[in-house]
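Enquirer: Chains as they are written, first to last, in my numbering: chain A, 3 to 214; chain B, 3 to 214; chain C, 3 to 214.
Everything labelled a hint here was simulated from the structure, so no lab data went into it. None of the values given here were measured: they were computed from a predicted structure. Mixed in with the good hints there might be a few duds.
The list makes no distinction among identical chains, and a pair is therefore deemed to hold if it is satisfied within one copy or across any two copies.
Unchecked claim - Dumping the calculated DSSO-like pairs for lysine-lysine here, alpha-carbon to alpha-carbon at most 27 Å:
#, residue 1, residue 2
1, K204, K87
2, K81, K144
3, K204, K36
4, K74, K36
Here is what each chain is made of, one letter per residue.
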Amino acid sequence: MSAVVLLGGGGHCRSVIDVIEQTGLYSILGVLEKEGFSCSNLMGYPLLGSDHDLPAFIEQNCAVVITIGQIKTSEPREKLYRYAKEAGAEMPTVVSPRAYLSRHARVGAGTTVMHEAIVNCSAEIGENCIINTKALVEHDAKIGNHTHIATGAFVNGGAQIGQRCFIGSGAVIHNGIDIGDGCLIGAGTIVRTNLPDGTVLKGQQAAIGMAT
Amino acid sequence: MSAVVLLGGGGHCRSVIDVIEQTGLYSILGVLEKEGFSCSNLMGYPLLGSDHDLPAFIEQNCAVVITIGQIKTSEPREKLYRYAKEAGAEMPTVVSPRAYLSRHARVGAGTTVMHEAIVNCSAEIGENCIINTKALVEHDAKIGNHTHIATGAFVNGGAQIGQRCFIGSGAVIHNGIDIGDGCLIGAGTIVRTNLPDGTVLKGQQAAIGMAT
Amino acid sequence: MSAVVLLGGGGHCRSVIDVIEQTGLYSILGVLEKEGFSCSNLMGYPLLGSDHDLPAFIEQNCAVVITIGQIKTSEPREKLYRYAKEAGAEMPTVVSPRAYLSRHARVGAGTTVMHEAIVNCSAEIGENCIINTKALVEHDAKIGNHTHIATGAFVNGGAQIGQRCFIGSGAVIHNGIDIGDGCLIGAGTIVRTNLPDGTVLKGQQAAIGMAT
Numbered sequence: 003m004s005a006v007v008l009l010g011g012g013g014h015c016r017s018v019i020d021v022i023e024q025t026g027l028y029s030i031l032g033v034l035e036k037e038g039f040s041c042s043n044l045m046g047y048p049l050l051g052s053d054h055d056l057p058a059f060i061e062q063n064c065a066v067v068i069t070i071g072q073i074k075t076s077e078p079r080e081k082l083y084r085y086a087k088e089a090g091a092e093m094p095t096v097v098s099p100r101a102y103l104s105r106h107a108r109v110g111a112g113t114t115v116m117h118e119a120i121v122n123c124s125a126e127i128g129e130n131c132i133i134n135t136k137a138l139v140e141h142d143a144k145i146g147n148h149t150h151i152a153t154g155a156f157v158n159g160g161a162q163i164g165q166r167c168f169i170g171s172g173a174v175i176h177n178g179i180d181i182g183d184g185c186l187i188g189a190g191t192i193v194r195t196n197l198p199d200g201t202v203l204k205g206q207q208a209a210i211g212m213a214t
Numbered sequence: 003m004s005a006v007v008l009l010g011g012g013g014h015c016r017s018v019i020d021v022i023e024q025t026g027l028y029s030i031l032g033v034l035e036k037e038g039f040s041c042s043n044l045m046g047y048p049l050l051g052s053d054h055d056l057p058a059f060i061e062q063n064c065a066v067v068i069t070i071g072q073i074k075t076s077e078p079r080e081k082l083y084r085y086a087k088e089a090g091a092e093m094p095t096v097v098s099p100r101a102y103l104s105r106h107a108r109v110g111a112g113t114t115v116m117h118e119a120i121v122n123c124s125a126e127i128g129e130n131c132i133i134n135t136k137a138l139v140e141h142d143a144k145i146g147n148h149t150h151i152a153t154g155a156f157v158n159g160g161a162q163i164g165q166r167c168f169i170g171s172g173a174v175i176h177n178g179i180d181i182g183d184g185c186l187i188g189a190g191t192i193v194r195t196n197l198p199d200g201t202v203l204k205g206q207q208a209a210i211g212m213a214t
Numbered sequence: 003m004s005a006v007v008l009l010g011g012g013g014h015c016r017s018v019i020d021v022i023e024q025t026g027l028y029s030i031l032g033v034l035e036k037e038g039f040s041c042s043n044l045m046g047y048p049l050l051g052s053d054h055d056l057p058a059f060i061e062q063n064c065a066v067v068i069t070i071g072q073i074k075t076s077e078p079r080e081k082l083y084r085y086a087k088e089a090g091a092e093m094p095t096v097v098s099p100r101a102y103l104s105r106h107a108r109v110g111a112g113t114t115v116m117h118e119a120i121v122n123c124s125a126e127i128g129e130n131c132i133i134n135t136k137a138l139v140e141h142d143a144k145i146g147n148h149t150h151i152a153t154g155a156f157v158n159g160g161a162q163i164g165q166r167c168f169i170g171s172g173a174v175i176h177n178g179i180d181i182g183d184g185c186l187i188g189a190g191t192i193v194r195t196n197l198p199d200g201t202v203l204k205g206q207q208a209a210i211g212m213a214t
């Protein structure tokens, strides 16, 4: 088991801790957070210090996993990734043993693949991505760096998603669709056409009523 | 293997039988139904009698699983639950071995977690709930008693769902959303705002045409 | 391990190859395609010839798996199925070991059940269907021949889907709904009413904006 330190101590961190524990591959030393940040629940692991303390852990051959989530913007995650990389950190690809990663797929450094996510054959996923719980990346799909495929989103065969995107929970990307960089696709949205860089797309409205 | 008797003999009962068989933990004695009700298919198990016969089974140390479903109202399920509890029944938490229940999550008595459902870390689920096939309850989410999370519904991180709710198949509840008691969320509905007690919310309309 | 030859060399073929490899039950000889068709990526397996060469393989006791997909029409898949069947081919039911097929369910010849699909108790599925990755066919549901349940679609309890249908990715079919033959249900569509033969149904529109 190699030692890892986690960057970011919120809800996504708890999910990643659960995944790391299930892998049985890493010993979690604890969490680093922003200066002055206090964590409400780290599943029993200690808050070790702030981001500034990272180099000391890297020197001790600690690997690093970025454990902040990403919804509206990938910027904080990306910034931490560059910081850790420049500090010489090893950034493992963390894959839940309850996920399926085809032996014909490729997944970049620093990407985490959560429980029951599928990365199917000939799919290619960049660095520092989140393939969240129950998400599907089908055959031949390509996902750029720093992109988050949220819980239960379906990226179908041959679709391409750019860098720094957010594909919301339960969204469906049609076969072969090409989505540019920096796009934000709302939860449950069905994407049937190609989308240029920077598109924000939010699906369906719901009718509200009161129960009788 | 401990003996169980099932309350309710419809389609959801068949699904639960399949889950119970897969656990290998219980020996199913048969099904109790309403007076005068006849069951079309109990997967080979016998109809043992009516609800009124329950106390006799409890006296023989039979555990009880409630196997009627819940769509529009939780009332029949809740009524049976109180009846069985008052009669002194042991109501096991039934979890499919094909589901994932984080060791950091808590699930109440009488709740069933069906095949490929996920209950992630720090999630808390009340009593007498159904977490149906392929449903997701993400990290830190809380689900009240007598609530049914239908097939493939996604309850995201930190969301809170009240008691006696129905969250329809494929619905998506955003991170951190708070849904009150007695709410009914239609299939496929995306919930982006907090909802007070008793809200009925149904998503998208579909356009109909005939194939050429 | 029995030898199989695959009919159709596109993206769906790659997914099926991944499934067949995981089963460990078949040795894949290679792929047949239309006359003059060239395949870009067959995961290391050879293009053996065209459909016209099929009889020679059948004579050598090769089983046959149809590996073209189906979105708008089931016709090409159906045509190949009849051709192979008339030529005397054995058409195995291919089930991913990562899928769940209830022992109380029935699945026809030539149907493929992909990774993490569920076919629950008392469900019945016809011949030459695709139950795609992460799709759900719930208890008591019935699916006709030559129908494709796309990735992550949810067919709920007791629903009936006719022959030659396409149920799009992430679509949700309500409990007990009856969908006729030759229907096409778009991705993410929620089906709440019965639909006659030949219905085309496409759900939700999405609002498009540009990120700021």
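Enquirer: Hints first: check each against the structure and report whether it holds.
Expert: Verification of the hints:
1. K204 / K87: Classified as neither: same-chain Cα gap 34 Å, cross-chain 45 Å, threshold 27 Å.
2. K81 / K144: within (22 Å within a copy, 32 Å between copies)
3. K204 / K36: neither (31 Å within a copy, 41 Å between copies)
4. K74 / K36: This pair counts as within: shortest intra-copy Cα distance 19 Å, inter-copy 46 Å.
Going through the hint list in order, the structure does not satisfy hints 1 and 3.
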